[in-house]
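Let the sequences and hints guide you as you build the complete structure.
Just so you know, we're using this note's numbering here: the sequence shown kicks off at 1 and counts up by one.
Keep in mind that the hints were calculated from the coordinates and are not lab data. A few of these clues could be false.
[As the list claims (entries may be wrong)] Quick list of in silico lysine-lysine cross-link-like pairs, DSS-like style, CA-CA up to 30 Å:
no., residue 1, residue 2
1, Lys42, Lys8
2, Lys52, Lys15
3, Lys4, Lys42
4, Lys4, Lys80
5, Lys77, Lys35
6, Lys42, Lys15
7, Lys8, Lys77
8, Lys80, Lys8
9, Lys61, Lys4
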Amino acid sequence: MFHKLAFKYYSESRKIAFLREEGIMLGARQRHGQKVYLYMLKDFFVEVIYEKDDIDLEPIKLETFTSLDNLNAYLEKEFKTAF
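Structural data, given as structure tokens:
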């Protein structure tokens, strides 16, 4: 629980540093011509889109999912809109 709350208030650069240090990259997928990377932290998930699809560059967007249920609902919605 602490990680979720603390992460919410981190600066964007600190969030990325925290993801790189503590997160586990679960995978990547294509969405609207961009790669979207999914990370898992202790008790939540973060989706990141980086400039030029390069994980060494700055993030364009970070989206946090507080539970597996939230992540599943989001991914189902994304899947349905893809077709």
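Hints breached by this structure: none
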